[in-house]
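Undergrad: Sequence:
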Amino acid sequence: MQEFHIGVGCSHKVWRAKVIYGLEPLFESGNTCIIKACNPVAYGGKGESCLVDRNLDIVKQECKIQNLAREYCKIFSTEARLIENFGPCIEVIPVYLMYRPANTVPYAKVEADLTGIYQKYCTLDHTGRIDTRTGSEVEQKCCALQHWIFQWTNGNLLLTRLEGVDTKITNVGISVKSTGQQGLSVEGNPKVFEQFVSQHQCNYFCGLLSLRSLKVMDSLLTPTKPKGSKSPLLQRKMAAGSSSPQTVRKAAGSPRLPRKTEQEGGKTPSKQKAVDAPKVVKME
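According to UniProt numbering, the sequence shown is numbered sequentially starting from 1.
The set of hints was computed from the structure by calculation and includes no laboratory data.
Don't take every hint at face value.
What the hints assert, rightly or not - Quick list of in silico lysine-lysine cross-link-like pairs, BS3-like style, CA-CA up to 30 Å:
1) K120 - K60
2) K120 - K215
3) K215 - K191
4) K191 - K120
5) K13 - K120
6) K120 - K168
7) K191 - K168
8) K74 - K120
9) K191 - K177
10) K120 - K177
11) K60 - K168
12) K74 - K168
13) K177 - K215
14) K18 - K60
15) K168 - K13
16) K74 - K215
17) K13 - K60
18) K177 - K60
19) K74 - K13
20) K191 - K60
21) K60 - K74
22) K168 - K18
23) K74 - K18
24) K74 - K191
Stated by the list, open to error - Here are the in silico distance ranges between beta carbons for each label pair:
25) L82 - S29: 32 to 40 Å
26) P190 - S29: 43 to 51 Å
27) I83 - D125: 28 to 36 Å
28) K168 - S198: 24 to 32 Å
29) Q201 - T104: 42 to 50 Å
30) Q199 - D166: 21 to 29 Å
31) E28 - R129: 37 to 45 Å
32) L26 - T104: 19 to 27 Å
Ideal placement from N, C-alpha and C gives every residue a C-beta, glycine not left out.
Required output: the full structure, derived from the provided sequences and hints.
TA: Okay, here's the thing in structure tokens:
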């Protein structure tokens, strides 16, 4: 295992490791993977259980954020594949929680090693402004994904960081309007959402997906009673037993289609379930 540097950030300590055994079927033996440990956790002794607990909480939250974004992206890609001119779909790669008992910071994330030129498609600066690049096709698709998820969740969830290689996305950042949204404890600055609505420019792929203008959408939403977003993981569970992705899309209510008004005497919507805990990979 060797230390590895990705991008220009300093939030994580990163290693590239060669898989020998014990990580199958997630990673085949002989391939390389990326291990990330969060830097804000102080490197203390093994007896400092509070640091270990903090380390676990941070890694679980980061895994939950990226895997939640992955589920949204799956539904987005299902719709995009139905459009002839959309082209290759983007994919948020999965991340896993790894336990390393011999390490003073035992919990880390592990993900596939992306080969190619690593790029930042979307970042959030210290003022709360989202800096989105729109030059390439992949960058425009990332913008369309942001718009799609923002509309899907009725303006309650926003992707604020997207990085990766070509169409493979990782290191995802999320802002939510209220703590507890989708089981996340993070809460974004309200200015982030306001600036996204005012600055976002719909592109060719937003048009292909028939997404509404964010300014029109913002005027339709009631700020005093924000609607709860639908969890893609919940939709996948509801569609268990069906191999067709269309079942999920119809049940979830796509932002591309007008929402039907609730009929009188309709069934009460089921409560959202928390996002599943990330899978744990144990390394001896």
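Undergrad: Look at each hint and say if it fits the structure.
TA: Structure-based check of all given hints:
1. With a C-alpha separation of about 23 Å, the suggested pairing of K120 with K60 holds against the 30 Å cut-off.
2. With a CA separation close to 26 Å, the supplied pair K120 and K215 stays within the 30 Å bound.
3. Annotation: proposed proximity of K215 to K191 holds, straight-line Cα distance about 15 Å (limit 30 Å).
4. Between K191 and K120, the direct Cα distance comes to roughly 22 Å. Compliance with the 30 Å bound is thereby established for this hinted pair.
5. Our distance criterion of 30 Å between C-alpha atoms is met by K13 and K120, whose separation comes to about 18 Å.
6. With a C-alpha separation of about 12 Å, the suggested pairing of K120 with K168 holds against the 30 Å cut-off.
7. Simply put, K191 and K168 have alpha-carbon atoms about 29 Å apart, close enough for the 30 Å limit, and the pair holds.
8. Of the supplied pair hints, the one linking K74 and K120 holds, its CA atoms being roughly 21 Å apart against a limit of 30 Å.
9. This hinted pair checks out: K191 and K177 have alpha carbons roughly 10 Å apart, not beyond 30 Å.
10. The hinted pair formed by K120 and K177 meets the criterion: a straight-line CA distance of about 24 Å does not exceed 30 Å.
11. Between K60 and K168, the direct Cα distance comes to roughly 21 Å. Compliance with the 30 Å bound is thereby established for this hinted pair.
12. Under the criterion of a C-alpha separation no larger than 30 Å, the hint pairing K74 with K168 is consistent with the structure, at around 12 Å.
13. The hinted pair formed by K177 and K215 meets the criterion: a straight-line CA distance of about 17 Å does not exceed 30 Å.
14. Distance restraint check for K18 and K60: the Cα-Cα separation of roughly 23 Å lies within the 30 Å cut-off, and the hinted pair is therefore satisfied.
15. Note on K168 and K13: the hinted pairing holds, with a Cα-Cα distance of about 21 Å set against a maximum of 30 Å.
16. Of the pairs offered as hints, the one joining K74 and K215 holds, with about 26 Å between alpha carbons and a cut-off of 30 Å not exceeded.
17. Distance restraint check for K13 and K60: the Cα-Cα separation of roughly 16 Å lies within the 30 Å cut-off, and the hinted pair is therefore satisfied.
18. Pair hint K177 plus K60 holds up; C-alpha atoms about 20 Å apart against a cutoff of 30 Å.
19. With a CA separation close to 29 Å, the supplied pair K74 and K13 stays within the 30 Å bound.
20. In summary, the hint linking K191 to K60 is supported, as the alpha carbons are separated by about 27 Å, within the 30 Å threshold.
21. Among the hinted pairs, K60 with K74 is consistent with the structure: their alpha-carbon atoms are about 21 Å apart, no more than 30 Å.
22. With a CA separation close to 20 Å, the supplied pair K168 and K18 stays within the 30 Å bound.
23. Proximity of K74 to K18 is assessed by CA-CA distance (about 28 Å); at most 30 Å being required, the pair is judged to hold.
24. Proposed proximity of K74 and K191 is supported: the alpha carbons are some 28 Å apart, at most 30 Å.
25. For the pair L82 and S29, the supplied restraint of 32 to 40 Å holds, since their beta-carbon distance comes to about 37 Å.
26. Judged by the Cβ atoms, the range 43 to 51 Å given for P190 and S29 holds: they are separated by roughly 48 Å.
27. Checked against the hint of 28 to 36 Å, the C-beta distance between I83 and D125 comes to roughly 32 Å, which is consistent with it.
28. The hint said 24 to 32 Å for the Cβ distance between K168 and S198, and at roughly 30 Å that hint holds.
29. Separated by about 47 Å at the C-beta atoms, Q201 and T104 satisfy the suggested range of 42 to 50 Å.
30. Q199 and D166 have their C-beta atoms about 25 Å apart, which keeps the hinted 21 to 29 Å range intact.
31. Separated by about 41 Å at the C-beta atoms, E28 and R129 satisfy the suggested range of 37 to 45 Å.
32. Distance hint for L26 and T104: a CB-CB separation of about 25 Å, consistent with the stated range 19 to 27 Å.
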